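J.: These protein sequence lines map, in sequence, to chains A and B. Offset between the first sequence (1-based) and the numbering used here: plus 319. Offset between the second sequence (1-based) and the numbering used here: plus 162.
Certain hints may be false.
Label-pair restraints from in silico Cβ distances [to be verified]:
id: 1; chain 1: A; residue 1: V438; chain 2: B; residue 2: S468; range: 20 to 26 Å
id: 2; chain 1: A; residue 1: V438; chain 2: B; residue 2: W471; range: 27 to 33 Å
id: 3; chain 1: B; residue 1: A240; chain 2: A; residue 2: I349; range: 35 to 41 Å
id: 4; chain 1: B; residue 1: N440; chain 2: A; residue 2: D553; range: 22 to 28 Å
id: 5; chain 1: A; residue 1: S395; chain 2: B; residue 2: A240; range: 35 to 41 Å
id: 6; chain 1: A; residue 1: V438; chain 2: B; residue 2: A214; range: 43 to 49 Å
I should point out that these hints are in silico values taken from the structure, not numbers from a laboratory. As the structure is a computational prediction, the values presented were derived from the model and not from experiment. Backbone N, C-alpha and C fix where the C-beta goes; we use that ideal spot for every residue, glycine too.
As a plain string of letters, each chain reads:
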Amino acid sequence: MSSLAASDALVRRMEYGYTLQRIAAHAALIVFGLIFMLPFLWMVSSSLKPNADIFDIPVRLIPKTFVFTNYPEAISAIRFLRYLGNTFIYAFGLMTGAVLSNVFIGYGFARIEWPGRDVVFIIVIATMMLPAQVRFIPLFILYSNWGWLETFAPLLVPAFFGNAFFIFLVRQFMLTFPRDLDDAARVDGAHELQIFWRIVVPLSRPAIITIAIFDFMWGWHDYINPLVFLRDPDKFTLSVGLRLYFSQHGAEWGLLMAAATMFTLPMVLVFFFAQRTFIEGISFTGVKG
Amino acid sequence: MSMVPSLESGSVRRRMAWHGLSPVARRRLFWGLFFISPWLIGFVAFTAYPIAASLFYSFTDYNIINRTPHMVGWNNYADLLEGRYDTWKSLRVTLRYVGMLVALATVFDVIIAMLLNMKVRALSIYRTIFYLPVMVPVVAASLTWVWVLNPNYGLVNGLLDRIGVEGPAWLASQRTALLSLVLVSVWGSGRAVLIYLAGLKEIPMHLYEAADIDGANAWRKMWAITLPLLTPQMLFNVITLTIFSFQSIAAPEIMTGGGPNKSTLLFGYLLYLVAFENLKMGFASAMAWVLFLVILTLTLIMFYGSRNWVHYER
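Pulled out of the complex, with its shape left as it was, chain A reads as follows (with noise of 0.2 Å):
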């Protein structure tokens, strides 16, 4: 409805004729893009000069010779593929953890109408507020207690308790569904499992999809809690790990882009193949938040 109404006004605008507009707004936002684009340019730029041109001066953006040999150092000079390892187990396992929950505990918000549900929803928004910092000490000191810190659960075992933010986009998008679907179901007997089953969690795939890819990209930028809460440099993921070409080797900078590239390319992938997916996920939390 309102990407037709869009696409309505955008053939009356160019009815109006903006030309001298669009071509200023092009201008501005080809010189605002470089801009935009000129820290990528270098990360990847750098990754690939050998180690004698890093330091050049007058700078290059384009580098004098092209080597690749930073990428397969990179690798070798940390334990990049143990981290890499480790930030997959970490984005998958939160990602596992956020789809099976809030799925679950949305459903309890959003499909069945129990007495005191309204005042417990407002508690969970609340919980959004709350500085991450107010939670850190007591957790650290819990899960040391708990013998945790030497292994991931910090890290994954919050996942399956659902999160505020999740739960409000879940509720959001299951209290789009007509009413008589579900009462239809209950008039003919069926049982909450099956009915949460058999009809909302199929017609819940695009809020699956986005809470998964939400969750995965988390995990893999996160580096708060991987630095707070894992002790064990076994279980280091590459946010945490990045850090170890700048102490052991004062600034590899030739290394670092390259690992910092492999880092990010990941997370440009999944973005373009699920843009729709965020622009939708992120428009939709905005406007309705």
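Use these hints to put chain B onto chain A, whose structure you have.
T.: Only chain B this time, still in chain A's reference frame:
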């Protein structure tokens, strides 16, 4: 469900509430609680308990080494107010950081969104470019920026040098370090652009047509129609950005370590240092509560203040 105000004990009242429910309502309550049970368990273990424990620790001298916390009353809060560990300096730095970031990001993001909304060709390419920084892991982005902003060998000063301008020392100078952090954060604020863009697409076209008939120019239309109708998205973005940027740890941790001369010692990062470097868990817990109160106060002010400038009618 009828609440019975009486002197009866809690369990009796609860049982009465349960009995007061119809069988259908009881069934629903059971299934509702059944489905949200993972959240309930997680809430107790990972939210309610930590909140209570953090409040308790904030009144103790707890550190990881001496395992028994001793009550110290309001001492941590009093020390905090007296500026131990540079809390005041840090709070001032944080307010400057959040203020600059929110102002610059809002202006920049709205401008980009409006440009993108002008029926430009290749919208998806531009959209990708402005969203791409969000996709770069924060550590990779921060380390890249350290290199880009390197005063001697970095790209920015290298380019400035080519046009005959001597660039500042950026992260290495007390005068420009905080601004550099702000610019990096603005660079990563593409999420808000998408939200503004979605808001712009919802503005009904007939408003612009009516303005055209009245002979309004583009500038006038922007101030009278576009910006007022974009205020709900502005409120959302300003509040979320404020909440997040107050808690920022990663950027100062990686890019400046709080320096030079504590000019980028953001409060959330200082708290992390006090807790996990100095191991003063009690004092850091008090800091966390002060941080929470500051964020809460500012959020409430923005919510109530928003009545004066946010337009919900369409």
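J.: With reference to the structure, classify each hint as holding or not holding.
T.: For each hint, the structure was consulted:
Checked against the given bound of 20 to 26 Å, the beta carbons of V438/A and S468/B, roughly 24 Å apart, stay inside it. At about 31 Å, the CB distance of V438/A to W471/B agrees with the hint of 27 to 33 Å. Hint check: A240/B to I349/A, Cβ distance near 56 Å, so the stated range 35 to 41 Å is violated. Separation of N440/B from D553/A is about 27 Å and conforms to the stated range, judged on CB atoms against 22 to 28 Å.
For the pair S395/A and A240/B, the beta carbons lie near 53 Å from each other, so the given range of 35 to 41 Å is not met. As the Cβ distance of V438/A to A214/B is approximately 20 Å, the hint placing it in 43 to 49 Å is violated.
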